[in-house]
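Given chain Y, work out where chain H should sit, using these hints.
One letter stands for each residue in the lines below.
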Amino acid sequence: MPINSNIPEGQLEDKWTKYKSTIPLVNPANKRSLEILVVGSGLAGAAAATSLAELGYKVKCFCFQDSPRRAHSIAAQGGINAAKNYQNDGDSVYRLFYDTIKGGDYRAREANVYRLAEISPNIIDQCVAQGVPFAREYGGMLSNRSFGGTQVQRTFYAAGQTGQQLLLGAYSALERQVGMGSVEMLSRHEMLEVVVIEGKARGIIARNLITGELERHFGHAVLLCSGGYGNVFYLSTNAMGSNATAIWKAHKKGAYFGNPCFTQIHPTCIPVSGDHQSKLTLMSESLRNDGRIWVPAKAGDTRNPIDIPEIERDYYLERRYPAFGNLVPRDVASRAAKERCDAGFGVGNSKMAVYLDFKFNMMRYGKVEATKQGLTNAQDSEILALGKEVVKEKYGNLFDMYQQITGENPYESPMRIYPAVHYTMGGLWVDYNLMTNVPGMYALGEANFSDHGANRLGASALMQGLADGYFVIPYTIGAYLSKEIATKAISTDHEAFVDAENAVKERLTKLLSINGNKTVDHFHKRLGKVMWDKCGMARNAEGLKEAIIEIQAIRADFWSHVRVPGASDELNPELEKAGRVADFIELGELMCMDALARNESCGGHFREESQTEEGEAKRDDENYSYVAAWEYNNMNWQMQKEDLKFDNIKIAQRSYK
Amino acid sequence: MSGNMNLTLKIWRQKNTKTKGTLVDYKVKDISPDMSFLEMFDVLNEDLITKGDDPIAFDHDCREGICGMCSMHINGRPHGPKDAITTCQLHMRSFSDGDTIVVEPWRANAFPIIKDLTVDRGAFDRIIGAGGFISVNTGNAQDGNTLPIAKHDADAAFAAAACIGCGACVAACKNASAMLFVSAKVNQLAHLPQGQPERMKRVKAMVAQMDKEGFGACTNTGACSAECPKEISLVNIAAMNRDYLKANLISLED
Chain Y
1 MPINSNIPEG QLEDKWTKYK STIPLVNPAN KRSLEILVVG SGLAGAAAAT
51 SLAELGYKVK CFCFQDSPRR AHSIAAQGGI NAAKNYQNDG DSVYRLFYDT
101 IKGGDYRARE ANVYRLAEIS PNIIDQCVAQ GVPFAREYGG MLSNRSFGGT
151 QVQRTFYAAG QTGQQLLLGA YSALERQVGM GSVEMLSRHE MLEVVVIEGK
201 ARGIIARNLI TGELERHFGH AVLLCSGGYG NVFYLSTNAM GSNATAIWKA
251 HKKGAYFGNP CFTQIHPTCI PVSGDHQSKL TLMSESLRND GRIWVPAKAG
301 DTRNPIDIPE IERDYYLERR YPAFGNLVPR DVASRAAKER CDAGFGVGNS
351 KMAVYLDFKF NMMRYGKVEA TKQGLTNAQD SEILALGKEV VKEKYGNLFD
401 MYQQITGENP YESPMRIYPA VHYTMGGLWV DYNLMTNVPG MYALGEANFS
451 DHGANRLGAS ALMQGLADGY FVIPYTIGAY LSKEIATKAI STDHEAFVDA
501 ENAVKERLTK LLSINGNKTV DHFHKRLGKV MWDKCGMARN AEGLKEAIIE
551 IQAIRADFWS HVRVPGASDE LNPELEKAGR VADFIELGEL MCMDALARNE
601 SCGGHFREES QTEEGEAKRD DENYSYVAAW EYNNMNWQMQ KEDLKFDNIK
651 IAQRSYK
Chain H
1001 MSGNMNLTLK IWRQKNTKTK GTLVDYKVKD ISPDMSFLEM FDVLNEDLIT
1051 KGDDPIAFDH DCREGICGMC SMHINGRPHG PKDAITTCQL HMRSFSDGDT
1101 IVVEPWRANA FPIIKDLTVD RGAFDRIIGA GGFISVNTGN AQDGNTLPIA
1151 KHDADAAFAA AACIGCGACV AACKNASAML FVSAKVNQLA HLPQGQPERM
1201 KRVKAMVAQM DKEGFGACTN TGACSAECPK EISLVNIAAM NRDYLKANLI
1251 SLED
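Protein chains in written order, with this note's numbering: chain Y, 1 to 657; chain H, 1001 to 1254.
FYI, nobody ran anything at the bench for these hints, they're computed from the structure.
Ideal placement from N, C-alpha and C gives every residue a C-beta, glycine not left out.
No false leads were mixed into what you were given.
Example chain H residues on the side facing chain Y (calculated, C-beta under 10 Å, incomplete):
hint, residue
1, Asp-1054
2, Phe-1133
3, Ile-1134
Next comes chain H alone, as it looks inside the complex:
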């Protein structure tokens, strides 16, 4: 078909966590501009399987930009060249015939590589488990309208809650910091009246877990927010820093 592309791919191959990896060259032909980036990978993998080679392992699931599972570092940018989208939403019309595309996994000590482009993001779950919640058991709730929440607060909480936990912020940061991810959850709950009782305790616990997982310190350069597929704002980090400072200044028994 006219407009279809031939491309060279340089893809990170690594058998498992313990072995060393390397970039390997692949050619793909006749790629339609209407294909998604991951569909281009499907084409490559079908080809590799048919040839008897080992297909490339990569994480993906919903393919509509919301589950946060896909995680490719494309030409030096998490989720590729376009702003505010995930890898699965990137379409081949963003590339040109003859391009060479370099694809790597997220790089961070706290995200060990499992195989090829697949990494372990279990650290994020553990940070949420340390305090990214409101302690309310099922069945304790009052009527949803007894607690009026101003629209701008609800909207601000929602904007922070839109984080999909993909880890692009960590991958984009030269320190592999998780500040944007952590602050998004801290700030979502800080905007809501329900989140107040545990506000100080939460920020301390989540930051402590973040440090324990081996994420780096914030660089203040804002690469995280620039690369975030959901455009989570840097303001969250500032707000979390305020809360964290406050939590450490005031004396609490916990």
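Isolated chain Y, as found in the complex:
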């Protein structure tokens, strides 16, 4: 099937405004008989379910956790971007658009990204109206901070818990609709299959995780807002339950997968401490505002970091990228850390870490405070103590978290950090309406591929999730549903529902019956290691070819030797995990295929064969300026290309020097 991105005609600045006022409407009476299923309750899912219910549609929302408030959007720390230009520092919709396209290494669609930038101010307004307690200045105005890949201050935040506050805002709005009976919320439910009838998405099969019962749910449209798939790598900053199952089932039912290999490795995470490690914890990018990253100038220097004098430190980001310094985008910062560690300059027991040091800025803040308090002859120790208080107010929860995990006090000595898998830019391919190539099936938020190209800028994920849910889908879904008003609710006795449920049942029975000698985690860890070693921060053709063979072997081994205890008619977390890992194994293979096919470096995708003499990523716009949309066919895949056109932005080699 040829793909069509359905981007409206016209000038970039006018596309969305014109388009949204011409999308067919559905009258309120008809909305009441149109049913929408929303899978996932994070920023995208909660915002979509709420906004669609407010419009009058009948909405069901599903999440696998015990409450919609647990969705992993809650863990986002640093902030949310918006082109408000409150700081008078030259920000604009165009500049946010430009930064995002450039940050994504010119692998995102112009029209989608411009719309995102255009909507961004509305998101802040909406969240403020909901009672989200954003940080404020003394004058009562909203406060901003800066983030990587930009030279303006456009990031709105609530301490280091911005995702939590935004999600709780969306969750409150969602619960309001639940309380009014406009949304039926199904917690502890996991979607295990999509039902497609005559080429259109018409429902899902969900498992009630408490009773194990399989349920059939009809919908005129199905919205997948199920987040990203970073847990393919086993260790990531994702939650333990974050999974690809919903989008993978959709993919196997015909939805194309866009740019699966585009993975974001976040530069500032707490390093791995041992084999027992179950997940990695992020230290917000906002810390790079006030922290300086360094390694000892001499390889193998094992001195205590506070004993290493200034002159013997290598602030390698400031050295390599003087214009952006510590605020280079994530992919650049991650690779630079890897480069130093691989060259033997790493610190800590594992030598796979670099320092993130706050002392310099603590002194700077301390001096400002001392001046404010009229302390003219303050000692350095007094100034430092004052500075620590300022840093504590800005990042206290992050510093506490660091101390809990490592047992070290980051106020006294620098943090040790290392890159970790954080976000997946790839996801289901969608058109301008956020609809996949399967009519009636949509993907929102991290679950789709659309806005971040090959690298997402910090504070842009929250922006995209909420933009998709609050301000895009309520309009664009009309383009499809206005043609569905005559479609009566299809009985869940329809054979397509019966077949889908039987397929799920068969698979669960199979998983429980293998009764092998290896646990689900055993396979997940093996998969993760292959992915990290061969499809991680640096990739090459040979390694990727090996990875594909190794992953196929893991898959065969899984289906003959996995042990899943318990039964399917009870709460069975191992059974849930087994299904998710089985899907990760298949997705891992596709990610390696995509990485192999893209013989260029761009954003988070660094092919060792394609680099400049200075070791920077080298794009190949002539051959790879496209979105790879993969079509599934029985564990084989075919790629379609959606060419990317840049009419409003001049393509250039990305430079932060």
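Only chain H this time, still in chain Y's reference frame:
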């Protein structure tokens, strides 16, 4: 490895809501002090699965102390021996070789046990659904800066809004009261100008739902705040009591 620990665990096992549960003894060996408490449970579960036993069901998700899903009552304290952290942030360096650790689920009538250490906290969602929001539909908002909010108000609202809805306050309370949880949301919105129009209606509706769910009355002992992983202040309860009283004194048609 040196410094690794051998421990005895007494863990609550209960097949489902309808059956009776009991404490069962388990031994774990060679536990690293750098492991988190839940990673220690992963080790135990891997062992149980390999032996053909039923692994222990427990709730957990983000493992970084923010989602509020993990919920273990450890040695008589919600989230274990340390202050201001969740179970997932508790690390084994807080224990010593040879320790016996007792792990139970949250205990409250309003939080029925689903299996082992997993409980149903749906009551919290229903309380929020009764009034823990500002009634504003998408698309109605004015510019975020047209409503200046004093920094101390924004900070106070944020401090209350930091609640993660884990239920430790209920588990810590001998009456299984949900006052701290409810008052945190009431007070967050009471601190903000946006929250004023529905302020009186909200507090009445949320308290009514709280009572309906079967949570107990406030003991005034402060165990909730002492055990709260986010250190939600008792002041919230006092403030809610004031609002609740006021709401019931002044006559409103709703």
